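Here the protein sequences come in this chain order: D and R.
Per numbering that gives the first Met the number 0, the first sequence starts with residue 0, numbered consecutively.
Per numbering that gives the first Met the number 0, the second sequence starts with residue 0, numbered consecutively.
It should be emphasised that the hints constitute simulated quantities derived from the structure, not laboratory data.
All values reported here derive from a predicted model rather than from experimental measurement.
Hints are not guaranteed to be accurate.
[What the hints assert, rightly or not] Which residues of chain D face chain R? A partial, calculated answer using Cβ under 8 Å:
| id | residue |
| --- | --- |
| 1 | 39 |
| 2 | 116 |
| 3 | 120 |
| 4 | 134 |
| 5 | 141 |
| 6 | 142 |
| 7 | 203 |
[To be verified] With a straight-line Cα cutoff of 20 Å, these simulated EDC-like cross-link-like pairs (lysine to aspartate or glutamate) come out:
| id | chain 1 | residue 1 | chain 2 | residue 2 |
| --- | --- | --- | --- | --- |
| 8 | R | 36 | D | 142 |
| 9 | R | 36 | D | 209 |
| 10 | R | 21 | D | 36 |
| 11 | D | 84 | D | 31 |
| 12 | D | 134 | D | 36 |
| 13 | R | 26 | D | 31 |
| 14 | D | 241 | D | 36 |
| 15 | R | 27 | D | 142 |
| 16 | R | 21 | D | 142 |
| 17 | D | 241 | R | 30 |
| 18 | R | 23 | R | 33 |
Here a beta-carbon is modelled for each residue, glycine too, at the ideal position from N, C-alpha and C.
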Amino acid sequence: MSKHSALNTFGRSGNPAFTRNFDNTGALPQTERMTLDGAVNKTAILLSLCFAGAFIGWNIPSLAMPSLIIGTILAFVTIFRNPAKAGTTAPFYAGFEGVALGGITVFAEAQYPGIGIQAIGLTFGILASLLFCYKSGIIKPTENFRLMIFSATMGIALLYLVSFIMSFFGSGIGFIHSNGLFGIGFSLFVVGIAALNLVLDFDFIEEGADQGLPKYMEWYGAFSLMVTLIWLYIEILRLLMKLRSR
Amino acid sequence: MNAIFFSILAIFSLFVFMNLGKIKASKKQMDRDDRIKWGNRRRTSFFKNKTTIVEGKAEEVKDDDKDK
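Hey, can you work out the whole structure from these sequences and the hints?
Written out as structure tokens, the structure reads:
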């Protein structure tokens, strides 16, 4: 048994979109294989769709909640049902999540003007700087790194789930939403974990292109990156709202 | 002013992502022994823990037999 028994057992990364189908199909012709160019171009397509959706959400904020639910269902379908169909589901996911983000941003902008562009700038700034750190080898993801990020991500997800369930009973975990030092510290931690998930995304795409995985994995890699970017944007927005409310 | 700064940051970062993303990672990153093995499948560890049953007649093996 390897020393990374938890990873061997669950086979998961920090990003839940990386659960399945990393098979090396060496017999594929060159044109059928995943490339870095393809993954980056597909990420650009998904980002464009997300911005188009955000434009709709910005103008019709009431669509935010239904879009968030549909987007979440599409994400689960892509991850757990059929990753090979990511080329079909991922664009819809990006569009619906964009509408949701547009609505959420309108709500935040109404309280704190200018917060939306700050969150967008910081999200893409983190994306570019971590990509540089990854490509240059400054950050080197290892199995231990993956295990650490996975554990932290699952811990945060569990905490949010418990808080969500408790909210139905008129209760909740106060500190994660508070604008006190502890609340801001928690948000900083979550932003850090979301950002480090990007490194796992980069490594997944790089390794996939290196091993020549099937072409549809370009969409899957781009989708994984979108999942992380959307999470990062929401967490940065929450952090900025906490800071501005003090 | 604030909005202009963050808009420029976003556009510049996207430009960096689009260009840097298409370049292969450095050798320092790729040629490592401790890289993440994304190909690890979860079922392999389950199979490792299963007992292997070999059909056939069971015979008792004594340590004394090895000496003969």
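Structure-based check of each hint:
Taking 8 Å as the C-beta cut-off, the interface hint given for residue 39 (chain D) holds, the closest approach to chain R being about 4 Å. For the restraint placing residue 116 (chain D) at the interface with chain R, the shortest Cβ-Cβ distance is roughly 5 Å, inside the 8 Å limit, so the hint holds. Because the smallest distance between the Cβ of residue 120 (chain D) and any Cβ of chain R comes to about 3 Å, under 8 Å, the interface hint for this residue holds. Taking 8 Å as the C-beta contact cut-off toward chain R, the hint placing residue 134 (chain D) at the interface holds, the least distance being around 5 Å.
Proximity of residue 141 (chain D) to chain R holds as hinted, the smallest CB-CB distance being about 5 Å (cut-off 8 Å). Below 8 Å, beta-carbon pairs count as interface contacts, and residue 142 (chain D) has one with chain R at about 6 Å; its hint therefore holds. Look at residue 203 (chain D): its Cβ gets to within about 6 Å of chain R, closer than 8 Å, so that hint holds up. Annotation: proposed proximity of residue 36 (chain R) to residue 142 (chain D) holds, straight-line Cα distance about 8 Å (limit 20 Å).
For the proposed pair residue 36 (chain R) and residue 209 (chain D), the alpha carbon gap of about 12 Å is at most 20 Å, so the pair holds. At roughly 5 Å between alpha-carbon atoms, residue 21 (chain R) and residue 36 (chain D) fall within 20 Å of each other, so this suggested pair holds. In summary, the hint linking residue 84 (chain D) to residue 31 (chain D) is supported, as the alpha carbons are separated by about 15 Å, within the 20 Å threshold. Annotation: proposed proximity of residue 134 (chain D) to residue 36 (chain D) holds, straight-line Cα distance about 15 Å (limit 20 Å).
Between residue 26 (chain R) and residue 31 (chain D), the direct Cα distance comes to roughly 25 Å. Violation of the 20 Å bound is thereby established for this hinted pair. A hinted pair counts as satisfied when its Cα atoms are at most 20 Å apart, and residue 241 (chain D) with residue 36 (chain D) does not qualify at roughly 38 Å. For the hint linking residue 27 (chain R) to residue 142 (chain D), the alpha-carbon distance of about 17 Å falls within 20 Å, and the restraint holds. The straight-line distance between the Cα atoms of residue 21 (chain R) and residue 142 (chain D) is roughly 24 Å, outside the 20 Å bound, and the hint therefore fails.
Among the hinted pairs, residue 241 (chain D) with residue 30 (chain R) is inconsistent with the structure: their alpha-carbon atoms are about 42 Å apart, more than 20 Å. A threshold of 20 Å between alpha carbons decides the hint, and for residue 23 (chain R) with residue 33 (chain R) the separation of about 18 Å falls inside it, so the pair holds.
Hints 13, 14, 16 and 17 from the list above are not met by this structure, while the remaining hints are.
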